[in-house]
Amino acid sequence: MSDAAQPIKYFEKRERAYPKRIWGKYRKLKWIAMIVTLGIYYLAPFLRWDRGPHAPDQAILIDMSAQRGYFFFIEIWPQEVYYLTGILVLAAVALFFVTSLAGRVWCGYTCPQTVWTDLFVWVERIIQGDRVKRMKLAKGPWSLEKIWKFALTHSLWIVIGMLTGGAWVFYFNDAPTLLEQIIHFEVPWSVGGWIVALTFSTYLMAGFAREQVCMYMCPYSRFQSAMFDKETMVIGYDEDRGEPRGRHKKGDTWEGRGDCVDCTLCVQVCPVGIDIRDGLQMECIACGLCVDACNQIMEKVERPAGLIRYDTTHNREARLSGKPEITHVMRPRTFWYMSVLVVVGGIMLYGLLNRSASELHVLHDRNPLYVTLSDGTIRNGYDIRILNKTHEDILFKLSVDGVQNAQVRIQAAGNPDPSALLVYADSVAHYRVFVSAPKPSTARSTLTFTAASASGDIIETYSGIFLSTGR
Amino acid sequence: MSKIDKDEHSGVETTGHEWDGIKELNNPAPRWWLGVFVITVIWSIGYWVVYPAWPTLSGDGERGGTTGNTGWTQYSQLAESQAEIMARRAAYLDRFDAATFEAIQADNGLYAFALAGGASAFKDNCATCHGTGGAGASGYPNLNDDDWLWGGTVDAIEETIKFGIRANHDETRFSEMPAFADIFAEDEISDIADYVLSFSTNTIYPTRGKTLYDEQCSLCHAEDGTGDRFQGAPNLSDAIWFYGGKKGEIEAQIRRPKHGVMPNWNVRLSDSTIRQLAIYVHSLGGGETE
Numbered sequence: 054m055s056d057a058a059q060p061i062k063y064f065e066k067r068e069r070a071y072p073k074r075i076w077g078k079y080r081k082l083k084w085i086a087m088i089v090t091l092g093i094y095y096l097a098p099f100l101r102w103d104r105g106p107h108a109p110d111q112a113i114l115i116d117m118s119a120q121r122g123y124f125f126f127i128e129i130w131p132q133e134v135y136y137l138t139g140i141l142v143l144a145a146v147a148l149f150f151v152t153s154l155a156g157r158v159w160c161g162y163t164c165p166q167t168v169w170t171d172l173f174v175w176v177e178r179i180i181q182g183d184r185v186k187r188m189k190l191a192k193g194p195w196s197l198e199k200i201w202k203f204a205l206t207h208s209l210w211i212v213i214g215m216l217t218g219g220a221w222v223f224y225f226n227d228a229p230t231l232l233e234q235i236i237h238f239e240v241p242w243s244v245g246g247w248i249v250a251l252t253f254s255t256y257l258m259a260g261f262a263r264e265q266v267c268m269y270m271c272p273y274s275r276f277q278s279a280m281f282d283k284e285t286m287v288i289g290y291d292e293d294r295g296e297p298r299g300r301h302k303k304g305d306t307w308e309g310r311g312d313c314v315d316c317t318l319c320v321q322v323c324p325v326g327i328d329i330r331d332g333l334q335m336e337c338i339a340c341g342l343c344v345d346a347c348n349q350i351m352e353k354v355e356r357p358a359g360l361i362r363y364d365t366t367h368n369r370e371a372r373l374s375g376k377p378e379i380t381h382v383m384r385p386r387t388f389w390y391m392s393v394l395v396v397v398g399g400i401m402l403y404g405l406l407n408r409s410a411s412e413l414h415v416l417h418d419r420n421p422l423y424v425t426l427s428d429g430t431i432r433n434g435y436d437i438r439i440l441n442k443t444h445e446d447i448l449f450k451l452s453v454d455g456v457q458n459a460q461v462r463i464q465a466a467g468n469p470d471p472s473a474l475l476v477y478a479d480s481v482a483h484y485r486v487f488v489s490a491p492k493p494s495t496a497r498s499t500l501t502f503t504a505a506s507a508s509g510d511i512i513e514t515y516s517g518i519f520l521s522t523g524r
Numbered sequence: 021m022s023k024i025d026k027d028e029h030s031g032v033e034t035t036g037h038e039w040d041g042i043k044e045l046n047n048p049a050p051r052w053w054l055g056v057f058v059i060t061v062i063w064s065i066g067y068w069v070v071y072p073a074w075p076t077l078s079g080d081g082e083r084g085g086t087t088g089n090t091g092w093t094q095y096s097q098l099a100e101s102q103a104e105i106m107a108r109r110a111a112y113l114d115r116f117d118a119a120t121f122e123a124i125q126a127d128n129g130l131y132a133f134a135l136a137g138g139a140s141a142f143k144d145n146c147a148t149c150h151g152t153g154g155a156g157a158s159g160y161p162n163l164n165d166d167d168w169l170w171g172g173t174v175d176a177i178e179e180t181i182k183f184g185i186r187a188n189h190d191e192t193r194f195s196e197m198p199a200f201a202d203i204f205a206e207d208e209i210s211d212i213a214d215y216v217l218s219f220s221t222n223t224i225y226p227t228r229g230k231t232l233y234d235e236q237c238s239l240c241h242a243e244d245g246t247g248d249r250f251q252g253a254p255n256l257s258d259a260i261w262f263y264g265g266k267k268g269e270i271e272a273q274i275r276r277p278k279h280g281v282m283p284n285w286n287v288r289l290s291d292s293t294i295r296q297l298a299i300y301v302h303s304l305g306g307g308e309t310e
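One line per chain: the protein sequences are A and B, in this order.
Numbering (this note's numbering) for the first sequence: 54 to 524.
Numbering (this note's numbering) for the second sequence: 21 to 310.
Okay, chain B solo, but in the shape it has when bound:
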């Protein structure tokens, strides 16, 4: 036993440790602090019993840890709150799924439910190409107007969303326009473009343009240029142009047509969500009745 060494200046006992003449004083942590520390240690034992605490090697329990005797975990809390939301939605969803569009459209609550669900799904999935307001861009159709390639009723829109356009699905909507660059000479293409423009602008066109159009194009686009939704042939007589309405843009589309692709959303979205989306798109302003 070494004798008790006290620091001369402060009168405090030293621990006996000394480095280069500097001695460590023995100033223990206050009693109250130690008391609190011990209480927290005891508290933690209770905590292990009640709540999930220790990871386990076996992976037993919820997500590989001890579960605690209450069974509460963050995962179960999440599942519970999600179930609560689903239950709240279910009140509408059951009625929504059973109702026809006419019935939904006549019901304030259901219609608002469909629009809210559709708007949120649209921003998550569709806005990337069609824009947040559904206004589209060149090559991506504007969903606000009244010009529909494949039909603008709720049912037609629903089918388009579900199976897509030129998508990887047996029932997908499909159309293909041949590349006329190899068939027509450049001046012939120019004449056809002039004729196509005359549908909507009533301008003068070369007769050869009409002859060639009637021969090669009218089968799909119709003699008066109104197109054919069944084949997905665009209406050429209105004020809306998918790939641009300038003569050069029309010529380019005759030479080597561009063909856009829309995915079939049935693999990603539920039928209910697709129907809500269809009703939302239908409500943007150009929706057709039948």
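Isolated chain A (complex conformation):
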């Protein structure tokens, strides 16, 4: 082992990217995506949706203390959390579908990490100037200019972070009320804690970690290649057309050389700091800024646009072998993703349309299983729960069927009549129920409970049991 041998590097020091400002089709798309996604995030909690006097009027609300989730016309109870699972499955498969068609468009345009990083870079550029100025400022010594510019940048980042955390808590509380409380600094610790945590994480992730989140933290960016096929759109440099690259002076011939003038603008605008000309890379979030940059240059040097562009491997192979370039939307991969989307969406829709307005649950006593009364009849005890998911009080009539001459009695304050059990709007009523009957001939009989609303439009049944000595 000689001293001159380079030690193996296990850690690559990060080169911070200073993306240069660019304008073009994809940059415009990114601005629109940012305005739309951030607009939804910040404003959605303030949307109102009238649900009557017994429920909150916030369109999107997760009410932890009351254990209810609201999304416009949908209201779910904790036991219906599978709707949330359904939404997550739908979101995941939709992401797979879009990725197999158009590559990492989620990463490039709508991922919160990308959107907030983009916003932070914009703030950075407004205060500190474009790429070269920022690099000079960062490398230079601490001067008065550097101090106030850095301080202002970081302050603005923290303000954006606070707004992010502030908007988050609105989804869990009545937004206008909470806004007033926040303005007066009268927030509970839970709310304050979330604001601080999200302020900090936004500041950290969008201000400092940036593309490292995509490279080292995000699992999705790593397994996306599993969703790619030959007809998936990816951003690529057309090396068949671009190579051999080299500087080009106006008036020089384009014969015998590639279209790439090696201006490195595509590298300068890249928010993750890679050279797209090296081919498809794990770090690439497919934001399209290099496409904008290259097209600008191609226009200047009067060559056709699209040296860097969205294209598919299939198209390149077709071009090289002289076949027509066709991209199929319907392929085995996209077909399966679409099928899963349709099936899961259908199940969700069916569930939502057939969501019951109430539920009846009957729990048989475990101890004692049955009681013999002095006249020889058998009595069973039950705990029943009637859920009223509507926003109106409902009177239920409880009846049993399946055991001859069964008598129903409610054991509760005021000895309520089984034919008039009040269940308040949006709540669960619990009653103790005793069912007595002359001793049946079998040890175990099926006893069907029915709770019907007075109007008769809600009928819930529960198949329970009636136990006895059986002798």
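Please keep in mind that the hints were generated in silico from the structure rather than gathered at the bench.
Treat the hints loosely; a few may be bogus.
[Stated by the list, open to error] Heads up, simulated BS3-like pairs for lysine-lysine below, C-alpha to C-alpha not over 30 angstroms straight-line:
| id | chain 1 | residue 1 | chain 2 | residue 2 |
| --- | --- | --- | --- | --- |
| 1 | B | Lys266 | A | Lys492 |
| 2 | A | Lys376 | A | Lys78 |
| 3 | B | Lys43 | A | Lys492 |
| 4 | A | Lys189 | A | Lys199 |
| 5 | A | Lys186 | A | Lys303 |
| 6 | B | Lys278 | B | Lys267 |
Since chain A is already given, all that's left is putting chain B on it; use the hints.
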């Protein structure tokens, strides 16, 4: 002064201690570690001032220790949290103690309070004999049914819990059935058992059974076998048997009756708790109104 001895291999100074040719090197603890250690020592002095720390011989202060200038101790914290619970309960308890059973039964909140308190006290004190569901066992009455030896109203149940049965209290409920093994012959006992069974089963019985029953048993158990709650004489005409309803079991009870004992709970439970228990037992299904 000895000269400084350095270890040849590492160049570190030795402490001068040597055992069998092995020298101890002088590698002191790092400065930062020492610094932290000193800070913790200083910190502990502040801790002694603020919190209870040292045991004292005199037993002064809270539970024989220095109290610290804040006065905080684990005992005071416990007392505080207990007082908080009691204060929360008091809101109900004052109303509960003042209300009649009818008023409690009509009030959702009070009734739920009584049942919750009663259920918890039942599991702590009563479940040992009566079972967690109050279903009892042979010799321990089932509290779910509608057959009551001493009465099934809330007041009667409350009195039974308070003073017990055959317990060590002047007002305890007391009944005693004589042992008829010395009075009746075996075949006479068999006839009486047959007659007793006929109350609930309408079976044929020997006339001698009825004659002997009317003479010896009806005074307490009544001529029709319905018993007498005032004397604590069980109802023999229903479907519920305290010590078993087979003929042999009835005969055994005539020969040498068993007498159970229930303690008087007034020495152990508060009046409020006993009342909650009574309301809970009353709610198990067999409670009587008046």
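Enumerate the violated hints, using their earlier numbering and listing them in ascending order. The structure breaks only hint 3.
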